[in-house]
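With the hints as extra help, turn the sequences into a complete structure.
Take a look at the letters that make up each chain.
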Amino acid sequence: MTGRTLAAPAALGLLLLAALGWHVTAGAHAVPIGAALDALWSGGDSYEAAVVTQIRLPRALGAVLAGAALAVAGALMQGATRNPLAEPGLFGLLAGAALAVVAGQGLFGIDTPAALPVLAAAGAAGGAAMVLVLTLAAGGGAGLLTPILAGAAVTAFLAALTMLLNLLDARSFEDLRVWLSGSLAGVRMPLVATVAPAVAVGGALALAVAPKLTVLALGDETAQALGVRVGRTRAAAFAAVVALTAGAVALAGPLAFVGLTVPHAARLVFGTGYARLVPASALLGAVYLLAADTLGRTLLAPAEVSAGILTALVGAPVFVALIRARA
Amino acid sequence: MADAATATSTASDISGRIAVRGLSVRRGDTQALRDVDMDVAPGEMTVLLGRNGCGKSTLLRAIAGVLRPGAGTVEIGGVPRARLSARKAARRLAFLPQAPILPEGMRVRDLVAQGRHPHRGLVRHWSAADDAAIERALRATDVADFADRPLDALSGGQRQRCWIAMTLAQETPILLLDEPTTWLDLAVQLDIMRLLARLAREGRTVLVVLHDLNLAAAFADRIVMLREGRVDARGTPTEVMTEATLGRVFGLDAQVIADPRTGRPVCLPRIAA
Amino acid sequence: MRVLRVSTLGHRVALEVPARAATALALLCGLLLVLLLASLGTGSTAIGLGEALSALAGSASDRATLVATEFRLPRALTALMAGGLLAVSGALLQGTTRNPLADPALVGVSQGAGLAVIVLVVLVPAASDAWRAPAAFGGGLAVAGVILALSGGEARGAQVRFLLTGIGLAAFLAAATTAILTYGRITEAHEALGWLSGSVRAAAWDEVRRLVLATLAAALLCAMAARPLAALRLGEDVATGLGHRVARVRTGLLVASVALASASVAVAGPVTFVGLLAPHAARRIAPSGPGLHLALTWCVGAALVMGADLAGRAAFGTAHVPAGLVTALVGAPCFALLMLRTQRKDGS
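Protein chains in written order, with my numbering: chain A, 4 to 330; chain B, -7 to 265; chain C, 932 to 1279.
Just so you know, these hints were derived from the structure itself, not from any lab.
Model, not experiment: these values are computed from the prediction.
Some clues are possibly wrong.
Here are the in silico distance ranges between beta carbons for each label pair [to be verified]:
| no. | chain 1 | residue 1 | chain 2 | residue 2 | range |
| --- | --- | --- | --- | --- | --- |
| 1 | C | Pro1056 | A | Gly24 | 25 to 31 Å |
| 2 | B | Glu96 | C | Arg936 | 23 to 29 Å |
| 3 | A | Gly142 | C | Ala1133 | 41 to 47 Å |
| 4 | C | Leu935 | A | Glu224 | 57 to 63 Å |
| 5 | C | Gly961 | A | Pro305 | 52 to 58 Å |
| 6 | C | Arg1179 | B | Asp213 | 34 to 40 Å |
| 7 | B | Ala121 | A | Val136 | 52 to 58 Å |
Examples of chain C residues toward chain A, derived with CB under 7 Å [what the hints assert, rightly or not]:
| no. | residue |
| --- | --- |
| 8 | Arg1092 |
| 9 | Ile1098 |
| 10 | Ala1106 |
| 11 | Leu1256 |
| 12 | Ala1267 |
| 13 | Arg1275 |
Here a beta-carbon is modelled for each residue, glycine too, at the ideal position from N, C-alpha and C.
Okay, here's the thing in structure tokens:
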């Protein structure tokens, strides 16, 4: 490897460390970096140590996992559908996962952390399937518009159902409202530990399928001629996307547009080859969500803006810019 | 239809005249028309010809009022186009664009009735004159038999005749048509051209953009050839369709012969094996 | 299609009325009346039909009169007129953009109007409610302008860009609204939250008066819009050839559409899918020219929102499910069906 190919990943790694440091030290109660490192290294029972290890560290790890997972999920979806606007939120996965979690908790009283990713995965798969069926029924959806409209219809319907369940169960409403806006506020270590395997499995599958997605960009027939089994590749990508999305939703609720913004930003530096794009998106997604969450905690302190609001405020203009460039 | 002609021919000598003077139109970064002068006379079919992008559609659209000229004037029957209200202009010239939008589920008669718009009022939606004009237009274009069918159920040629019927129902002395024969079968193209030629003979001013040289030569009374936004040649088909002009305007190496039956010029491209 | 012709005043007024559409209009008005009476009777205090009618006449028991005339009647009338305005706004937007899927709530116009109202409520709590409608109009107009500026350019693909840009803007505005609610004080935020979900629960006679004015303006606009809309269906060039000043007409229709949607949003919040569905439903019910179609659309929209408010009250007891939620639950699947139809046709 030449120095140049290594420079960008190394820079991303450093950026991730810096974002982690910022996230753990900044906030309503600022902790100097030395004290933070000390608390992480040797524990201790000071107030600062508790803030760092009990609250901020789990939250930072949650942001790393959720950001990486959504970014990779978005990249995989863009590759598998050849639609540059594909992303878990716009294609109905986030709304499906959110509804499944709310229904599981509100209707069936399931609230063990271990059940969260499973519920979210079922919902994400359901939402994606609805969008997929609608898009195929509308004639394949080679264009940009059809899947987005299908996603908008499915998202509106599922979000209305979620809202209805919330209204009928006032108790869960207050707890879930913050989570539903895409927030890492409630993340604790046990949740991170339950979700990590799902994200790891999804990530491994993503890395395995990535080189084939690069070939798929040339069209199904060309990919087939080059020895890629198109159907199987798409199925594997779909499985990875569902696992990754489920992990992210279980941690942080529906975070809009992360899966759109990050892969497109990564493409600017790392090009269109998915073998590099997938790991780069993972790193950049982690940095992005860490930064969004830190900003959300500090911008209007003591009030807290959910990370999901910030990612939407950044992501929606990115979406519009992509449309201007491509449609 | 004789009565269709009387509706317009009495005043056609004055009101059907188009005079274009020093017309220039910019489209985006390019100068689509530069200093164009052109006169179009009633009772004739005038055909605009030229390569893609030469400005022939732009010229037609500027006369129709769809595009605004940067400089120069268009006079309709002696009155500057800019001085006519939109409604008055629509009573003097009818315009059929190249690929008009097909509204879902609209019946033929409803489409043709739209042509009466410039003759109607805010709360006066029908009159005996409207009904008569619509009937005449339907019969003149041979679409009266399926007047109650929806447009989407018709063939391309039938549909094009319906659009022409709409412009006829406007009862204007001037007809402007942008490539009315494109995408149609050859037999249908000839049908449409015969219809337009008849309308011209009956006294209307017919100004058409075409891209088929031989179709233009076979039917036009007058041809205006444009090159890079300027008028390059004008005259009768025999005057304009020469090997030198075709080479200059179309970059075409062609032999021009006379049709043994009609005497009109026919262009035969020389194809090197 | 049977058409009745009417001519009076020495043929200065001469109208064509399709028989089926006129019948449908009469039936829809009857439906609206039934829904209105049902709205008066339904709620935590049950009021019988006879009692509701006599309450309107002022001869029922005090309690029934109070509930019927001070709470339920303004609420029902607000739902009716907010729905009608939104529906007509959607029809005008679809007509001027020639996009069958255009809807003020899908492309962010409603959200822009909503954001402006939220900003007003949170930042200037002292402002009178009467300022909400102008604020909403400003917000909606700004969004419409931004969409047009961003989705302009070559005509090819302009419709796709219009919709997609609007969807993106709607997401942005929704996020911005939530952010402002985070910043605002909890009581104002709470009030705003109920309104944002599309509810007519708190409507009183003040709102009704404002909506009546807006509805009268809407009727006038519709009378003027009918003929240009008919011509625009044939495309801009043909409409120009027929003697319409297309640029002016389209701007006018767009501003009118935004104004009507804003008037509705200012009172009832951003109710989704009504502006999208009502024009299509009206077209299905009876084919007609644009004028009668707008009237049918108004009735369908009014019935949709009043029905949704009624269903939200009747079906879920004390949970107070807002009308906007019911229209979303019903509207989203209809939107999907509509999308299947339009996209299939585009693809073929």
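The hints, checked one at a time:
{"no.": "1", "hint": "C/Pro1056 / A/Gly24: 25 to 31 Å", "in the structure": "violated, 40 Å"}
{"no.": "2", "hint": "B/Glu96 / C/Arg936: 23 to 29 Å", "in the structure": "holds, 25 Å"}
{"no.": "3", "hint": "A/Gly142 / C/Ala1133: 41 to 47 Å", "in the structure": "holds, 45 Å"}
{"no.": "4", "hint": "C/Leu935 / A/Glu224: 57 to 63 Å", "in the structure": "holds, 59 Å"}
{"no.": "5", "hint": "C/Gly961 / A/Pro305: 52 to 58 Å", "in the structure": "holds, 57 Å"}
{"no.": "6", "hint": "C/Arg1179 / B/Asp213: 34 to 40 Å", "in the structure": "holds, 37 Å"}
{"no.": "7", "hint": "B/Ala121 / A/Val136: 52 to 58 Å", "in the structure": "holds, 54 Å"}
{"no.": "8", "hint": "Arg1092", "in the structure": "holds, 5 Å"}
{"no.": "9", "hint": "Ile1098", "in the structure": "holds, 6 Å"}
{"no.": "10", "hint": "Ala1106", "in the structure": "holds, 3 Å"}
{"no.": "11", "hint": "Leu1256", "in the structure": "holds, 5 Å"}
{"no.": "12", "hint": "Ala1267", "in the structure": "holds, 4 Å"}
{"no.": "13", "hint": "Arg1275", "in the structure": "holds, 5 Å"}
In the structure shown, a violation is registered for the earlier hint numbered 1 alone.
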